[in-house]
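Whenever a hint applies, use it, and build me the whole structure from the sequences.
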Amino acid sequence: MTEDKLTVGNEKADADHKSAPTTDMASGSSQSEIVTDITNNGSAQSSKEETPKSEMLDGEAPASMSELARPKSRGFMRRMIVRSPAAAIHPETVPEPPQHVTPERKERPLTNFLSGLLSFIAIFAACLAGLFLLAERQIYAPGPLENDKVVLVRGSTAEVIDRLEREGVIDKAFLLTLYWQLSGRSSQIKGGEYQFKKEASLDQVTKTLIEGKTIKHSLTIAEGKTSQEIVALLLADTNLAGEIKDIPREGTLLPETYKFDYGMSRAKLIEHMTQEQMKLVREIWAKRDPDLPIASPQDLVILASIVEKETGKADERPRVAGVFVNRLMKKMRLESDPTVVYGLVGGKGSLGRGLTKAELDQATPYNTYTLPGLPAGPITNPGRAALEAVANPSRTKELFFVADGTGGHVFAETYEQHLKNVAKWRQIEGQKADTAPIVTAPTTNNTTNTTAKNTTTTEPPDASKTQTPSNAKNATPAKAPAKPPKKKAVNPETGAETAPAPD
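Here our numbering is used: the first residue of the sequence shown is 56, the next is one more, and so on.
Incorrect hints may have been included.
[Unchecked claim] EDC-like mimics (lysine to aspartate or glutamate), calculated; alpha carbons at most 20 Å apart, straight line: (1) K271 / D203; (2) K334 / D344; (3) K204 / E220; (4) K253 / E201; (5) K323 / E248; (6) K334 / E443; (7) K334 / D354; (8) K452 / D346; (9) K227 / E214; (10) K342 / E331; (11) K271 / D316; (12) K386 / E453.
Read the hints as simulated data drawn from the structure, not as lab findings.
What you are looking at is a predicted structure, and each value in this text was computed from that prediction instead of being measured.
So, in structure tokens, the structure goes:
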């Protein structure tokens with residue numbers, strides 16, 4: 056009976072085992088698991104302890120399914136796995152967890168390049184900004200100059216910067232070069248002679264060179280200088296450069312104060328002086344008195360050059376010009392001593408002594424004692440005042456003038472009054488009769504004039520203005536020329552002959 060029950064129990068267990076799905080043990084897969092949830096509410100009691108899996112014999116089945124599913128403890132849910140005896144003896148191998156495989160990234164060369172480029176640009180920009188701030192401080196920082204200094208700069212950008220560094224104006228040549236290149240200032244730099252201030256910064260030095268406010272040198276050409284004398288002045292000025300091939304024609308240069316940069320060409324300055332004179336003559340000629348006995352602008356310059364040499368006083372120029380205009384209108388010879396001097400020495404400007412009677416009678420293209428009307432050309436370079444005086448002379452009847460011993464002249468309308476003025480001049484000079492100038496009435500023939508010129512020591516030391524008949528005292532009496540035969544003078548007012556002029 057007992058065996059029958061055991062057999063029946065085994066068959067029932069085998070039937071339960073066969074009814075459950077199984078898998079091939081050789082393949083390592085587990086059998087189907089039966090999970091039973093039992094609620095431990097106190098109604099079911101375990102009569103037997105669960106047989107440990109390790110103590111179960113091969114092929115031995117548990118007494119009942121309830122025993123296998125019975126929980127070990129009470130009060131909580133328990134999850135049990137029912138295994139076959141074979142699975143209990145040979146535990147299932149737990150498969151390794153699947154490895155996480157990172158998907159392969161597709162290579163994108165353009166993206167990588169752009170990313171790297173942006174990173175480089177960002178780093179470079181940051182470095183550049185830092186360098187810029189540092190350089191900016193240096194550009195505006197005080198320079199090394201301890202005192203103001205004049206420096207001549209010229210040539211290329213590199214030569215200019217090198218000169219500034221050698222002269223101690225700057226001490227950061229590379230930074231200045233970089234500053235000019237990046238800011239585009241290299242093409243704006245102007246050469247010349249500049250004065251740089253004490254501790255001038257690189258920015259201040261740059262502004263000075265761009266503004267082009269160079270040091271201006273000046274040269275004053277006095278009125279009454281001949282072209283040869285003016286050329287000599289230009290050649291003597293070391294601030295000018297170059298040569299002068301030809302001496303300009305007389306009367307073509309305007310006496311004035313000229314300002315120029317260091318190293319200016321002498322020929323260029325001559326050209327500028329010529330243009331200024333032409334411009335001035337045209338301007339004055341357009342405003343001349345229409346009744347003048349002057350035919351052309353050239354004649355205006357010729358007569359103005361005579362007036363310029365006759366007097367150095369500005370207030371006398373219109374009056375002296377009026378005397379010569381009156382004589383021209385009366386067909387009288389001008390009989391101007393400076394024209395005689397110019398005919399003898401040309402552009403040298405000075406005879407170095409007084410005129411003799413023979414020299415007064417010596418015919419030259421400029422001697423107005425022997426020529427009617429105007430001389431062949433100007434005898435000097437007249438200034439504005441002389442040109443304006445001739446264009447609009449004083450309206451008088453005066454025909455004579457003589458030095459008054461104070462640097463000016465005494466004017467007369469008649470020959471008789473003129474002789475009295477000559478006598479007064481002789482008294483002032485304290486000359487003896489045999490060394491006094493010869494005084495004769497001005498006529499339309501070869502009679503000499505008594506228009507003594509500047510003879511006092513108060514006049515400027517222009518020898519050409521003092522070489523007149525009134526300076527005969529400067530000649531040695533023993534060497535004085537023989538006096539010519541006395542001629543009858545013609546009264547310019549009546550045309551009647553008069554007694555010879557007194558010696």
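Here is what the structure says about each hint:
1. At most 20 Å may separate the alpha-carbon atoms for a hinted pair to count; K271 and D203 meet this at roughly 16 Å.
2. The hinted pair formed by K334 and D344 meets the criterion: a straight-line CA distance of about 18 Å does not exceed 20 Å.
3. For the hint pairing K204 with E220, the CA-to-CA distance comes to about 13 Å; that is within 20 Å, so the pair holds.
4. Proximity of K253 to E201 is assessed by CA-CA distance (about 6 Å); at most 20 Å being required, the pair is judged to hold.
5. With a C-alpha separation of about 18 Å, the suggested pairing of K323 with E248 holds against the 20 Å cut-off.
6. Taking the CA atoms of K334 and E443, the gap is near 13 Å; set against the 20 Å cutoff, the hint holds.
7. Between K334 and D354, the direct Cα distance comes to roughly 16 Å. Compliance with the 20 Å bound is thereby established for this hinted pair.
8. Between K452 and D346 the CA atoms are separated by roughly 15 Å; this keeps the pair inside 20 Å, and the hint holds.
9. For a cut-off of 20 Å, the pair hint linking K227 to E214 stands: about 14 Å separates their Cα positions.
10. Annotation: proposed proximity of K342 to E331 holds, straight-line Cα distance about 17 Å (limit 20 Å).
11. Between K271 and D316 the alpha-carbon distance is near 5 Å, which keeps this suggested pair within the 20 Å criterion.
12. For the suggested pair K386 and E453, the alpha carbons sit about 14 Å apart, so the restraint of at most 20 Å is met.
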